[in-house]
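J.: Since chain A is already given, all that's left is putting chain B on it; use the hints.
Just so you know, the protein sequences line up as chains A and B, in that order. If you read the first sequence in my numbering, its first letter stands for residue 18, the second for the next number, and so on. If you read the second sequence in my numbering, its first letter stands for residue 18, the second for the next number, and so on.
Hint data in this document are derived by calculation from the structure and do not stem from the laboratory. Please note that a few of the clues may not be correct.
No copy is singled out in the list; a pair is fine if it fits within one copy or between any two copies.
[To be verified] Lysine-lysine pairs mimicking DSBU-like chemistry, simulated, CA-CA at most 30 Å apart:
#, residue 1, residue 2
1, Lys258, Lys284
2, Lys198, Lys257
3, Lys286, Lys257
4, Lys256, Lys198
5, Lys25, Lys44
Small disclaimer: the values here were computed from a predicted structure and weren't measured.
2 protein chains.
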Amino acid sequence: MKLPIDTKILIVGLGLMGGSYARALTKQGYEVRSITREPSSVDFALAEGIVTDASTEIRENWIRDADLIVFALYPHIFVEWIEEHGHLIPPGTIITDVTGVKCTVVGQIQSMLPDGVEFIAAHPMAGREVYGVENSDDGIFRGANYIVTPTERNTPEAVALCRSLGETLGFARVSELSPEKHDEMIAFLSQLTHCIAVALMTSNTEPHLVDYTGDSFRDLTRIARINEDMWSELFLLNKKKLVAEIDAFSGELNRMRTYLADENVDKMKEMMRISTERRALFNKKV
Amino acid sequence: MKLPIDTKILIVGLGLMGGSYARALTKQGYEVRSITREPSSVDFALAEGIVTDASTEIRENWIRDADLIVFALYPHIFVEWIEEHGHLIPPGTIITDVTGVKCTVVGQIQSMLPDGVEFIAAHPMAGREVYGVENSDDGIFRGANYIVTPTERNTPEAVALCRSLGETLGFARVSELSPEKHDEMIAFLSQLTHCIAVALMTSNTEPHLVDYTGDSFRDLTRIARINEDMWSELFLLNKKKLVAEIDAFSGELNRMRTYLADENVDKMKEMMRISTERRALFNKKV
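Chain A with its partners taken away, still in its complex shape:
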């Protein structure tokens, strides 16, 4: 179900993700205002017509008028913003976010908000290797997952509104996970894979390798182009779970190494068979 067309939406932070949200919503006729830090982002968004209005100032009337506020900020800036301006949000407002980790953020934000303001967290699992509103593109939501992460503080109405937002944005699948399960999943599927890609790029620095690179290596390291400010922050906020996933993966890689060093062909083949079978499960969903 889509958001009611008269829903007034305020997006705080017009970067790649905020800008992509704005595009998707404006295109469908929603009123979308945005508060963001960079004057150039405001200029770009207004010139491109991807928002109804935008400003670098904290417009109190925009905050008051909004039914739904989307925070598309780095986690620590999100927390700072709520500390500084959270009191401006009137009761009855629903707020949501796009943050890539949940356990460390959701409870903190929920406990900081004025009475009657409800934070329902969500993670749009979409992105690009480029940044800024200039690169925003609502096409990134097609085929992607949108995950709502409710806590016991959330109402069914807010959860439903947040799911509607995901559907309105055009995500292929909208689902729910606890913040805990979300962070476990993201530690393995996304954060560990970024650590691997980075370690691959730094582990062999022979320049001639570039000339012989095939598709496998390019696929594994596509995500090695990484925004170090954003990802180091997300890694730290999910430290315990990510360290556990690195350790589990390192254990398996070391198992393959041991079988190889011992020339234990049967065990090597067994790992490869399990891998092949398990990978086939993932193919079905493409």
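T.: Using the frame of chain A, we list chain B on its own:
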């Protein structure tokens, strides 16, 4: 420079790679015969017209008539074939291969051949995640690397012929590496990446993960569907170099883990910056 059009080519082993060679060469009017083990491969190749003729028998006259014999077999079957039938190859014949490791194979084969038969090794860096002549496709050579790995036993004429084969097949780049450099490169770019993909698939077996998989994880594990017979053999034949690459990579991953556990943000960011810079080099060649 392409192979002279009157070059008589014999392909031993009509699998994915042998079949793809046959398609590319037959299409351009070369005479291509093939000896292979499976009657069904012969039937398929003849029905599809991808060879001039094919047989499951060791046709001595085909071996005698060939100017160039391409061995597209698993390494140990290649060695067995030469042991058993190598004496049938007359002096003046050039033989080549498609084997994915070189140091352990090239010297062994060269020392087994009759006088006057020259083995010039090559590695077509192309493939698919499927097998058999039924899936052969000469489109896999487009954009790919073909690497000739000469030793001091090779003549400039044989190297030139082998390079011509790569150009005739339609590879984007034909280059030369020593067997030693080739195996180092392949240990890192190809074998290590396959080990990583397998370890990723076996390190977390929660079934619900499938539902939230994004592109990063799919990219990193595309090659986790792996032919365990072929890859375990290639890994063992390059054991020392592959173990070294696994250790180097594990060291880098552990470095990231340590920075994360210590909350050493500056060092985490530094690794990410180096990774981003280095990955950009690889992009240019796409």
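J.: Take the hints in turn and mark each one as holding or not.
T.: Checked hints:
{"no.": "1", "hint": "Lys258 / Lys284", "result": "both (28 Å within a copy, 20 Å between copies)"}
{"no.": "2", "hint": "Lys198 / Lys257", "result": "within (13 Å within a copy, 40 Å between copies)"}
{"no.": "3", "hint": "Lys286 / Lys257", "result": "between (32 Å within a copy, 18 Å between copies)"}
{"no.": "4", "hint": "Lys256 / Lys198", "result": "within (15 Å within a copy, 39 Å between copies)"}
{"no.": "5", "hint": "Lys25 / Lys44", "result": "within (14 Å within a copy, 63 Å between copies)"}
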